[in-house]
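> Here is what each chain is made of, one letter per residue.
Number of protein chains: 2
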Amino acid sequence: MALIVQKYGGSSVGDARKIKDVARRVKDTYEGGNDVVVVLSAMGGETDRLLDLARNITDQPDEREQDVLISTGEQVSISLLAMRLKSLGMDAVSLLAHQVKIETDSEFGKARILEIDPDNMLGELQHRKILIVAGFQGVDATGNITTLGRGGSDTSAVAIAAALNADICEIYTDVEGVFTTDPNVCPDARKLDKISYDEMLEMASLGAKVLQTRSVEFAKKFRVPIHVRSSFQDSTGTFVIEENRDMESAIVSGVAYNKDEAKITVTKVPNRPGTASKLFTPISDANIVVDMIIQNVGADGLTDLTFTVPKTDFEKALGLVEVTAREIGAQGVLADRNISKVSIIGVGMRSHSGVASRMFAALADEGINIMMISTSEIKISCVIKSKYTELAVRVLHDAFGLGEEKEI
Amino acid sequence: MALIVQKYGGSSVGDARKIKDVARRVKDTYEGGNDVVVVLSAMGGETDRLLDLARNITDQPDEREQDVLISTGEQVSISLLAMRLKSLGMDAVSLLAHQVKIETDSEFGKARILEIDPDNMLGELQHRKILIVAGFQGVDATGNITTLGRGGSDTSAVAIAAALNADICEIYTDVEGVFTTDPNVCPDARKLDKISYDEMLEMASLGAKVLQTRSVEFAKKFRVPIHVRSSFQDSTGTFVIEENRDMESAIVSGVAYNKDEAKITVTKVPNRPGTASKLFTPISDANIVVDMIIQNVGADGLTDLTFTVPKTDFEKALGLVEVTAREIGAQGVLADRNISKVSIIGVGMRSHSGVASRMFAALADEGINIMMISTSEIKISCVIKSKYTELAVRVLHDAFGLGEEKEI
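The listed protein sequences correspond, in order, to chains G and X. For the working numbering, add 212 to where a residue sits in the first sequence, where the first one is 1. For the working numbering, add 212 to where a residue sits in the second sequence, where the first one is 1.
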């Protein structure tokens, strides 16, 4: 007998029929002798519908009140699943964040979980109840409703699994698991049987949107094993777990890409202490997240400084940089929206040499020019012209043998 | 400066435009120097939409979970109004039942308010905040969400006004106030300036559906003055207040009718102790509310016993009565769905004689036969054939001079 946390996303509870399917799966799991805690998202499309209501009321919805509004989405889905399970004769009970309770900070719209009280839930589980918990939401120290940001239900599920010391956290979604790359780009992309937390973090933050990044950080910190799987079939998905020796035999586990960034270059910056700080402080003050930063000092004491920002913040960042560039005496500012980032990820890189050169060679063979490079212990990213994105992904997927059926 | 509780029903917050209108009115009241607590219903149609979701899930939704579900309706409306007020620069905050807190018993779907803690609200009011409280909902002793039943937001508002010792509880609705009778039936029906709690109770329970009966009971018990008024215009509505000498000058304040009952007669019941109890126990066990009961003992020691039940429970009640009638040796059971009840209400009846005979004469003049009569201190009701309902209402409205413009 195990304690299993199951999280179902919006597409898995999108209508009455799907909620009934979820109920059947929960019932089967429970009747297999397990304790079950279910974490739900809002029904697909519901959060957007609620946000539209708010936008009809005001252009700038107050963040506290917006959280009160959109947290109703999960309240609806948990009550529906609980009543379905009860109609099947199961002893189920829905729980809101303040009933659990899931305490967060007071950053409305992007709150962080501080603590989850396991006692209420453990008490109910001892009576063999099935608990249906609202994902995405929390309650701050003074009792205000908070939400965790898009995809926050993943984090709710992992945090609850951690608090309860659950045996597994199953994340049900509309894909079969984590793939070596996007199957829409690469038809021979392969489902991974397992992947380490660190690899998953790199995959997620690079745009492979299966799991919310923060949920993986949480899982890593508290060593919660995650099983990403399809809610539409019963097959095994991908286990996201602690790194182990097996994983090192594969050099690269996956290829990720991200088309949502743009590139800004400040040319001929006088190379003086404090220059970078002057450049990036206004950007971070504007809450713009800078991803890659590259700087090379030339022989003339002048340097070109290039960085990437999300495309949504591009215009704003460019405006800020143009002001600062003049102040610090740089020659000019170049900008490029037509870029993308392709990355290879794998814990095997730690113990294998030559991975980077193999990546560069594979891209060069197709005549793809590399504009920026950045590396971490388990990841190498290259910025290229965006028109080459799909080609680059396929080339790298091939070059590291990811399409072949083999042990990872 | 006064402390004003304002309650807006579903039709008053039905869409974004109407919510903006409510915000303007709340702002005006606040800027007039008053403290304002707003109690809202769900947006019109929302509760029915949520109940439909439940019915797609199961025929018999669990009552606890249904309350979790439908209480989201008010959560949505209070958050929208609060964000609208904030966008207008007002310091508003939405509050759910568990945040207030509004404690009820655990009768899901028809919970009763046990206690409202005034301290949270008074603390916020001292900071000159506008409080937007979810109507219709409460929280039981163990933290479950409860709802108060249809129209429960009226009761929420009155109970909150009582807890805060508010100066007035304004109930905004889609009519101008309480009328002498249904204006759709009687074109010269007149808006009443004031009406006593007892009269309002009789009006409400007899089918004049402006205020939920329970809210009036609450108002009477705690002496909360109510002002029923239109949310679509600024005119004065009807004050529902304690009885005073002025009111006695009018004999009759209003004429009410109810078409939702049906009549059952058990004929030639042997007149033995315990007969009535045998007859009505199965009916009350089935949660059927019996309204009027009339029994006349004849010279032969046999009696006819007639009573009315809601039309919705008619078939069920009839089935139960037919069984019992055989058991107690009655001759038979007669049933009639085509009846209605017309009533005149007025505290003036206490000090005026001849009111009943005037009513009976007015009906007789039009050839309307009276099938049942029941009286209370301030009300006389007659059951008649339902085809005469509108005629009877008009005749009585005229007979007691209610259409004339005069002091009540």
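For the record, the hints were derived by calculation from the structure and aren't laboratory data. Check the hints yourself; a few may be wrong.
One copy or any two copies: either way a pair holds, since identical chains are not told apart in the list.
[To be verified] Dumping the calculated DSBU-like pairs for lysine-lysine here, alpha-carbon to alpha-carbon at most 35 Å: (1) K528 to K232; (2) K480 to K403; (3) K232 to K322; (4) K471 to K232; (5) K341 to K313; (6) K322 to K480.
> What are the numbers of the hints that this structure violates, sorted from low to high?
2, 4, 6
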